[in-house]
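Q: Spelled out, the chains give:
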Amino acid sequence: MRNLIAPLALILLGVALFFLFPYNLAFATRIVIMVILVLSLDLVLGYAGIPTLGQGAMYGAGAYAAGLFAIHIWADPFAGLIAGALAGAILALISGFVLMRASGLTLIMLTIAVASICHEIANRARGVTGGADGLRGIRMDPVFGIFEFDFIGVTGYWYTFGVAALVFAFLVILVRSPFGLGLRGIHESPDRMMAIGAPVYWRRLAAYVVGGAIAGIAGALTAQISQLVSLETFAFALSAEAMIMLILGGMGRLYGAAIGTVVFMWVHHTAAANDPFNWLFVIGAMVLAVVFFLPSGLISLPAAVTRLIKGGRNGGA
Amino acid sequence: MKLKNAVALGVTLSAVVTGAAFADTIRVGVIAPFSGPFALYGTQYEQAIAAYQAKHGTSVGEHEIEFIFRDSGGINPDLSRSLAQELLIRDQVDYLAGFTFTPNALAVAPLITQSETPTVIFNAATSSINRDSEFFLRTSFTLWQVSAPIADWAYDQGIRTVITTVADYGPGIDAENGFTAAFEARGGEVIDAVRMPLSTTDFTPFLQSVRAAEPDAVFVFVPGGPTTFAYTRTYNENGLREAGIEFLGTAETEESNLQALGDAAIGLNTAYHYSAAHDSDMNREFLAAIAEMDDPAAVNWASVGAYDGVHLIYEMIEAAGSDGPAAVEHALGLEWESPRGPLVMDPESRTVIQNVYHRVVQRNEETGLLENFETGIIATVGDLGWDQ
Numbered sequence: 001m002r003n004l005i006a007p008l009a010l011i012l013l014g015v016a017l018f019f020l021f022p023y024n025l026a027f028a029t030r031i032v033i034m035v036i037l038v039l040s041l042d043l044v045l046g047y048a049g050i051p052t053l054g055q056g057a058m059y060g061a062g063a064y065a066a067g068l069f070a071i072h073i074w075a076d077p078f079a080g081l082i083a084g085a086l087a088g089a090i091l092a093l094i095s096g097f098v099l100m101r102a103s104g105l106t107l108i109m110l111t112i113a114v115a116s117i118c119h120e121i122a123n124r125a126r127g128v129t130g131g132a133d134g135l136r137g138i139r140m141d142p143v144f145g146i147f148e149f150d151f152i153g154v155t156g157y158w159y160t161f162g163v164a165a166l167v168f169a170f171l172v173i174l175v176r177s178p179f180g181l182g183l184r185g186i187h188e189s190p191d192r193m194m195a196i197g198a199p200v201y202w203r204r205l206a207a208y209v210v211g212g213a214i215a216g217i218a219g220a221l222t223a224q225i226s227q228l229v230s231l232e233t234f235a236f237a238l239s240a241e242a243m244i245m246l247i248l249g250g251m252g253r254l255y256g257a258a259i260g261t262v263v264f265m266w267v268h269h270t271a272a273a274n275d276p277f278n279w280l281f282v283i284g285a286m287v288l289a290v291v292f293f294l295p296s297g298l299i300s301l302p303a304a305v306t307r308l309i310k311g312g313r314n315g316g317a
Numbered sequence: 001m002k003l004k005n006a007v008a009l010g011v012t013l014s015a016v017v018t019g020a021a022f023a024d025t026i027r028v029g030v031i032a033p034f035s036g037p038f039a040l041y042g043t044q045y046e047q048a049i050a051a052y053q054a055k056h057g058t059s060v061g062e063h064e065i066e067f068i069f070r071d072s073g074g075i076n077p078d079l080s081r082s083l084a085q086e087l088l089i090r091d092q093v094d095y096l097a098g099f100t101f102t103p104n105a106l107a108v109a110p111l112i113t114q115s116e117t118p119t120v121i122f123n124a125a126t127s128s129i130n131r132d133s134e135f136f137l138r139t140s141f142t143l144w145q146v147s148a149p150i151a152d153w154a155y156d157q158g159i160r161t162v163i164t165t166v167a168d169y170g171p172g173i174d175a176e177n178g179f180t181a182a183f184e185a186r187g188g189e190v191i192d193a194v195r196m197p198l199s200t201t202d203f204t205p206f207l208q209s210v211r212a213a214e215p216d217a218v219f220v221f222v223p224g225g226p227t228t229f230a231y232t233r234t235y236n237e238n239g240l241r242e243a244g245i246e247f248l249g250t251a252e253t254e255e256s257n258l259q260a261l262g263d264a265a266i267g268l269n270t271a272y273h274y275s276a277a278h279d280s281d282m283n284r285e286f287l288a289a290i291a292e293m294d295d296p297a298a299v300n301w302a303s304v305g306a307y308d309g310v311h312l313i314y315e316m317i318e319a320a321g322s323d324g325p326a327a328v329e330h331a332l333g334l335e336w337e338s339p340r341g342p343l344v345m346d347p348e349s350r351t352v353i354q355n356v357y358h359r360v361v362q363r364n365e366e367t368g369l370l371e372n373f374e375t376g377i378i379a380t381v382g383d384l385g386w387d388q
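In order, the protein sequence lines correspond to chains A and B. The first sequence begins at 1 in UniProt numbering and counts up by one. The second sequence begins at 1 in UniProt numbering and counts up by one.
Source of the hints: derived by calculation from the structure; they are not laboratory data. Possibly wrong hints are sitting among the right ones.
Pair ranges (Cβ atoms, derived) [as the list claims (entries may be wrong)]:
| no. | chain 1 | residue 1 | chain 2 | residue 2 | range |
| --- | --- | --- | --- | --- | --- |
| 1 | B | PRO347 | A | LEU8 | 53 to 61 Å |
| 2 | B | ALA264 | A | VAL98 | 41 to 49 Å |
| 3 | B | ASP295 | A | PRO142 | 47 to 55 Å |
| 4 | A | LEU301 | B | ASP295 | 36 to 44 Å |
| 5 | A | ILE152 | B | PRO223 | 34 to 42 Å |
| 6 | A | VAL282 | B | GLU64 | 28 to 36 Å |
| 7 | B | ASP202 | A | ALA198 | 43 to 51 Å |
| 8 | A | GLU148 | B | ARG90 | 15 to 23 Å |
| 9 | B | ALA291 | A | ASP275 | 18 to 26 Å |
| 10 | A | VAL98 | B | ASP202 | 51 to 59 Å |
| 11 | A | ASP275 | B | GLU329 | 32 to 40 Å |
| 12 | A | VAL287 | B | ALA291 | 22 to 30 Å |
Output of the computed footprint for chain B on chain A, the stretches with three or more beta carbons under 8 Å from beta carbons of chain B [said to hold, decoys possible]:
| no. | segment |
| --- | --- |
| 13 | 25-39 |
| 14 | 127-135 |
| 15 | 148-158 |
| 16 | 263-277 |
Reference excerpt, derived from the structure (chain B facing chain A, CB under 10 Å, subset only) [unchecked claim]:
| no. | residue |
| --- | --- |
| 17 | GLY36 |
| 18 | THR43 |
| 19 | ASP78 |
| 20 | LEU79 |
| 21 | SER80 |
| 22 | LEU83 |
| 23 | GLU86 |
| 24 | SER115 |
| 25 | THR126 |
| 26 | ILE129 |
| 27 | LEU198 |
| 28 | GLY224 |
| 29 | VAL360 |
| 30 | ARG363 |
Where a beta carbon is used, it is the ideal one built from N, C-alpha and C, also for glycine.
Excised from the complex, chain A in its bound form (with noise of 0.2 Å):
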């Protein structure tokens, strides 16, 4: 019973978040997909410790390979997120080739250059992406034929919702799976792994692509939700903001992941709502503030606070 709590808590967190902004459907939705983005960063990143500030390459592929797909080929939802998901696997899987080879500060400045590269693509390639203006003209049909994309955003944010539900359900048997312990074992010491036997480059790359895969879809929800694509998808800031709210909930943990997206995204729209001139200090603070004091993320919130109070007792005992 013990593991259906946390489950179920979420599931009620995006229950709630319905609720609590009836009025911006838009915003809850971006912080669904924003939570599949941070997911796929917390596989690559959390569990198969690979470090990269370029997860926005695959999101800018599915993305603009959901937008294509549906303005050339067929504009249902579901099949836009397979041609999103391929994109972005396939993207991680050449990149990935060559990546997965490095590591450490080489890898990071790769990962970001993967990314610059396919911005500086998208860009020339004015014909197809419509470049600088962004790719437009985007029209989704109704999710399983029936439930139109309409103003408010009630269909964007369930069918966001319940994509993002899956994808959060499937990381959670994946990390469980020997593959996912592998990977663990892989983040902590990649030698020993290679020791006994495990195919330690085959295994990072195996989790890039996945979490390409993850990426994509977030990025082919954006395209669908926004019906505009643009190059800003591919860029550093994004990937960047991913590893903050990431950070900040907790890597290596599927529900900090969550958890830091959520906090992040609503102090920024809170803050940047009541003060559009100044709340940059607010984030700056709240990010400062949980690296300090919780090195592990919000996720260790409620550990921190119960070793306080431990703490507490036995100081004066």
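Keeping the supplied structure of chain A fixed, place chain B upon it in accordance with the hints.
A: Relative to the frame of chain A, chain B by itself:
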């Protein structure tokens, strides 16, 4: 029970009374960058709006007008779209305004069409935006609108061969196309079209090759800030000026950067629709109003785009209140006097028809500051890129 009833009655009554005492409030949502590297735009919009309200009041007819600001950061169409959705659904705005970047404006097109919300673009300058929704109205300019007139001016000065050097992104390519089409239509020749990386600040190789090719002039479009600064300096240092290769630009000498460019900028030719040095009482009054603000931002085209945008919104509210289609109908063909000169809202392209001036940078002897001195009107044109 009696007490409860009395309270309920009181609440109802006061609601009725306040409703009658104050006319309705019409809200205008402004989506613009208020943080990050482009925050200057947001400040300029905000100050221009405040300047307009200081002069014309916060109400028009029966309607109180309230502006709600939302920060879009940089280029971020997803955020722009969700902010617009929130403004329309939760804050019940009847008008949208702002929009510095083309993708951010394009992202809201389906929303404003569905909700019939007139949306006034203060800056975003790609011609094609207005095709996406008939509720877009633009009080800034388009790249074609300013880069074609400079080609005309150049030809009239006897310039026959030009090399174009533009930053390799959407607006740069728009500017290149606009210039080339106009220049070739007159009989001039564009010998070479150079596209430079967007973020480069090293223009030496490009400008040396321009110098070697010895055209009569070089046309440039680079984004504001450090790139403009580096370009003009390189133009001087590599001897293009001594070689007699004229500088033809548009926004390169805009006011927020101009003083930093220093003497290197003196003599540069540009064609543009607004100079803070525009000689009119209305412009002087506008500058004075901005100067009274706390921490006034430099006044340039973005400020005047917002100022005229607010004027247009006031006009629309006066004529049509919150009725979107009627408001747009009223705006089409509207004529008014702006700090930049006379304006007409073109009924077809929904971008203002305005004077494009030839300017040359010189030092004002009274203030000692650099300014874009307007030598004359090259053309009075609407969006020349509309039919392209």
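Q: Determine for every hint whether it applies to the structure shown.
A: Hints and how they fare:
1. B:PRO347 - A:LEU8: 53 to 61 Å: holds (58 Å)
2. B:ALA264 - A:VAL98: 41 to 49 Å: The hint (41 to 49 Å, Cβ to Cβ) holds, given that ALA264 of chain B and VAL98 of chain A are roughly 44 Å apart.
3. B:ASP295 - A:PRO142: 47 to 55 Å: The hinted range 47 to 55 Å holds for ASP295 of chain B and PRO142 of chain A, with Cβ atoms some 51 Å apart.
4. A:LEU301 - B:ASP295: 36 to 44 Å: At 40 Å between Cβs, range holds.
5. A:ILE152 - B:PRO223: 34 to 42 Å: holds (37 Å)
6. A:VAL282 - B:GLU64: 28 to 36 Å: holds (30 Å)
7. B:ASP202 - A:ALA198: 43 to 51 Å: Holds - the Cβ-Cβ distance for ASP202 of chain B and ALA198 of chain A, about 47 Å, lies within 43 to 51 Å.
8. A:GLU148 - B:ARG90: 15 to 23 Å: holds (21 Å)
9. B:ALA291 - A:ASP275: 18 to 26 Å: Cβ of ALA291 of chain B to Cβ of ASP275 of chain A: about 25 Å, so the range 18 to 26 Å holds.
10. A:VAL98 - B:ASP202: 51 to 59 Å: Violated - the Cβ-Cβ distance for VAL98 of chain A and ASP202 of chain B, about 29 Å, lies outside 51 to 59 Å.
11. A:ASP275 - B:GLU329: 32 to 40 Å: holds (37 Å)
12. A:VAL287 - B:ALA291: 22 to 30 Å: violated (38 Å)
13. 25-39: Contact hint for the segment 25-39 of chain A vs chain B: holds, 5 residues under 8 Å.
14. 127-135: holds (count 4)
15. 148-158: As far as the segment 148-158 of chain A goes, the hint holds, because 3 residues have Cβ atoms under 8 Å from chain B.
16. 263-277: holds (count 4)
17. GLY36: holds (8 Å)
18. THR43: holds (8 Å)
19. ASP78: holds (5 Å)
20. LEU79: Interface hint status for LEU79 of chain B: holds (7 Å vs cutoff 10 Å).
21. SER80: holds (9 Å)
22. LEU83: It holds, given that the least Cβ distance between LEU83 of chain B and chain A is near 8 Å, below 10 Å.
23. GLU86: holds (4 Å)
24. SER115: holds (7 Å)
25. THR126: holds (6 Å)
26. ILE129: Nearest chain A Cβ about 8 Å off; hint holds.
27. LEU198: Result: holds, 8 Å to nearest chain A Cβ.
28. GLY224: violated (16 Å)
29. VAL360: It is violated, given that the least Cβ distance between VAL360 of chain B and chain A is near 30 Å, above 10 Å.
30. ARG363: violated (34 Å)
In the structure shown, a violation is registered for the earlier hints numbered 10, 12, 28, 29 and 30, in ascending order.
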